[in-house]
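A.B. asks: If you want the building blocks of each chain, they are given just below.
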Amino acid sequence: MRWVLSKLITELGFKRSDLYVVDADSSMSAMLTSFSENFPERYVNVGISEQGLVGVAVGIASCGKKVVICTYSMFLMRAWEQLRNLVGRTRLDVKIVGTHSGISSYGDGPSHQCIEDVALMRVIPGMKVFVPADSIALRCCFEDIIDSEGPTYIRVGRDEDERVYSECSCRLGVANVIKDGGDVAIIASGGMVAEALKAANELKRLGIDAAVIDSHTIKPIDRDTILKYAMKTGAVVTAEEHSIYGGLGSAVAELLVNEYPVPIAFVGIKDAFGKSARNLSDLRRYLGLTSSDIVNAVRKVVSRR
Amino acid sequence: MRRRSYEEPIPISELKLDLSSVDVPVIRNIVSRGFNKNQLLILKEIRCNIGRSLTSILRDASRRYGIPLSTLKLNAKILKDLNILKVDNGGSRGVYLTPLGEFVCELLGITSYGREFSVDPKLIQSLNEKASLVRKHVLEMMAEAGSGHVGASLSVVDVLVALYFAKMRYDPKNPSWPLRDRLILSEGHAAPALYAVLALAGFIPTSELYKLRDINNYLSGHPEIIIPGVDMVSGSLGQGLSVGCGMALALKRDGINSKVYVILGDGELDEGQVWEAALTASKYKLNNLVAIVDRNRYQQGGPTEHIKPLEPLAMKWIAFGWHVIEVNGHDFRELLRALNEVDYVMDKPSAIIAHTIKGKGYPPAEGNNDYHNKPISKDELRLWGFK
Chain F
1 MRWVLSKLIT ELGFKRSDLY VVDADSSMSA MLTSFSENFP ERYVNVGISE
51 QGLVGVAVGI ASCGKKVVIC TYSMFLMRAW EQLRNLVGRT RLDVKIVGTH
101 SGISSYGDGP SHQCIEDVAL MRVIPGMKVF VPADSIALRC CFEDIIDSEG
151 PTYIRVGRDE DERVYSECSC RLGVANVIKD GGDVAIIASG GMVAEALKAA
201 NELKRLGIDA AVIDSHTIKP IDRDTILKYA MKTGAVVTAE EHSIYGGLGS
251 AVAELLVNEY PVPIAFVGIK DAFGKSARNL SDLRRYLGLT SSDIVNAVRK
301 VVSRR
Chain P
1 MRRRSYEEPI PISELKLDLS SVDVPVIRNI VSRGFNKNQL LILKEIRCNI
51 GRSLTSILRD ASRRYGIPLS TLKLNAKILK DLNILKVDNG GSRGVYLTPL
101 GEFVCELLGI TSYGREFSVD PKLIQSLNEK ASLVRKHVLE MMAEAGSGHV
151 GASLSVVDVL VALYFAKMRY DPKNPSWPLR DRLILSEGHA APALYAVLAL
201 AGFIPTSELY KLRDINNYLS GHPEIIIPGV DMVSGSLGQG LSVGCGMALA
251 LKRDGINSKV YVILGDGELD EGQVWEAALT ASKYKLNNLV AIVDRNRYQQ
301 GGPTEHIKPL EPLAMKWIAF GWHVIEVNGH DFRELLRALN EVDYVMDKPS
351 AIIAHTIKGK GYPPAEGNND YHNKPISKDE LRLWGFK
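First to last, the protein sequences are chains F and P.
Just so it is clear: in the first sequence, position 52 is 52 by my numbering, and no numbers are missing.
Just so it is clear: in the second sequence, position 343 is 343 by my numbering, and no numbers are missing.
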């Protein structure tokens, strides 16, 4: 994921002479060498200081540049207030890439596992939130995001765990229906899209026809697609590598409660921190983020319909 | 602030009279005692003669000051042994100061940046008149709004007036002119002073001033970017200098010869982000960035030195790699001299510590921290002869 990101940024660096990358000595720094070597005058490393990082990015953006911030999502959250007061209030062209998000740094433990970022970014007025399911989805939308006006938060994991797409089929702002179905709609984001697809296969054996929707743009959320599937299936399950408070599940629920209430269940992290694990699947099981957790949620929600 | 022509040596006794805080003169005195007159003279000459060889600098100095060449050579050798200066044998750099030497010079106030500077008394008079008018506006605006931070809004007035009416380049008809100098009021609670200055400079109509904090008006309690002439939002303390770094960096890399001035409150220096930015600015040698500290010695809860001591403040900036000048923040001659001096600094950002009086110009508020954000009534203003 990070290598793809670094390649994308360098490619865009050749295309756009106004693209700056600002970095806070994260592990992305080493991966950004292709950008920093090609465009030393447009690469800024402020050292381990995320609050200063956001300020510097806003200063550069105020001079008419496009700025990409690139650092650990977890530690970027310490600059939430700067993101709100400087990026949010000015609505300048700052694109914020939070790496190592969700539980992708499984080994490092709760201090590094960022499971609150979608909620925190979503509440900032004008901030868009994009969560690609894999590197293809990221590649698909990255240039559109850079071209778009105003700030966007891009949530990426450390490495790519599972490929979802074989070709580019995502469009920014439009939820991607990967699998159609009539009994239940599983709306997932990021790493949980792959789990949702696995769950849909298991459900087929149980005689439940599940639709799988990749809601990569969490803000602004794709109202039309989600409403359409809520009406079609009458039951919704959301799945995300994030706290169940304030993330994709909340965004979907906020929409449906107002416009078309249906039974809904959340698969996510339930008011807990992560934990150190030797591999991702152990941690997924520990936190209840596997395909079988989705299957259980679907069975419950379908019975409530 | 000391300024002298470089034709005469600096007596050691004068070196310690520079700064108004307690600690810096003491440290400066101690450090200067480690050097004799001749060594200080050599340091000063090297700072003023970049790229020349040691021999030619010493020969010149010997002739000019009537000191035997051998004496100067001996002292230069001592400085070399102390790792304060280095000679680039056969190279093009000539003699130069080591980072230690640079630090010592900054500490002793030996800089090459000083130039003779004279100000037209008429300009000073007009600035004084503008400052009185701005203060009057500030007080009336706040009485009208029924709230606001009187103390800082009055202490920073002269700094803003000096910048906008004798220094900065801008075009009120085109507030986003790319070649303009930028100003960030990082101590956003002094916004009324900025608005009054912007009105006087022609960015906003004076009549708008009296709608400060009104729901139907854009003059918000703290600066918002939609206000003509405001270059950056603020209100949350400690963030402006980082933004200034970003601006200065982008301008430098675009080859635009504009300056970025960031005004910080002294209480604001409690924020860690200020010092993150101080390191960033010195890393990127942002000589187009100028931090001006409104050193009125009070913050919301009391004197800065009780809440979280800042002294020796000048030392802190010097240690972070900045060029530091201390001035009386209500004396336009000193302010303009300092703002002129920073234009000559080539390799580092500059900090001007402007010693000010909180509430300056409004007798009951002067040095009285009760007026940090106390509402003032129109009746009270009338009592003191305003309006």
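These are calculated hints, taken from the structure and not from any lab test.
Note that the Cβ used here is the ideal one computed from N, Cα and C, for glycine as well.
Among these hints, one or two may not hold up.
Distance condition first, Cα-Cα at most 30 Å in a straight line; then the derived DSSO-like pairs of lysine-lysine [to be verified]: (1) F:7 / P:283; (2) P:252 / F:7; (3) P:283 / F:204; (4) F:228 / F:275; (5) P:37 / F:15; (6) P:167 / F:275; (7) P:252 / F:15; (8) P:167 / F:15; (9) F:66 / P:122; (10) P:122 / P:167; (11) P:252 / F:66.
Computed from the model, here is a short list of chain P residues facing chain F with C-beta under 7 Å [as the list claims (entries may be wrong)]: (12) 172; (13) 174; (14) 175; (15) 177; (16) 247; (17) 280; (18) 282; (19) 366.
Residues from chain F that face chain P, not an exhaustive set, calculated with beta carbons under 7 Å [unchecked claim]: (20) 39; (21) 41; (22) 48; (23) 49; (24) 51; (25) 227; (26) 231.
A.B. asks: Quick one: which hint numbers does this structure break? Sort them smallest to largest.
C.D. replies: 3, 4, 5, 6, 8, 9, 12, 13, 14, 15, 18, 19, 20, 22, 25 and 26
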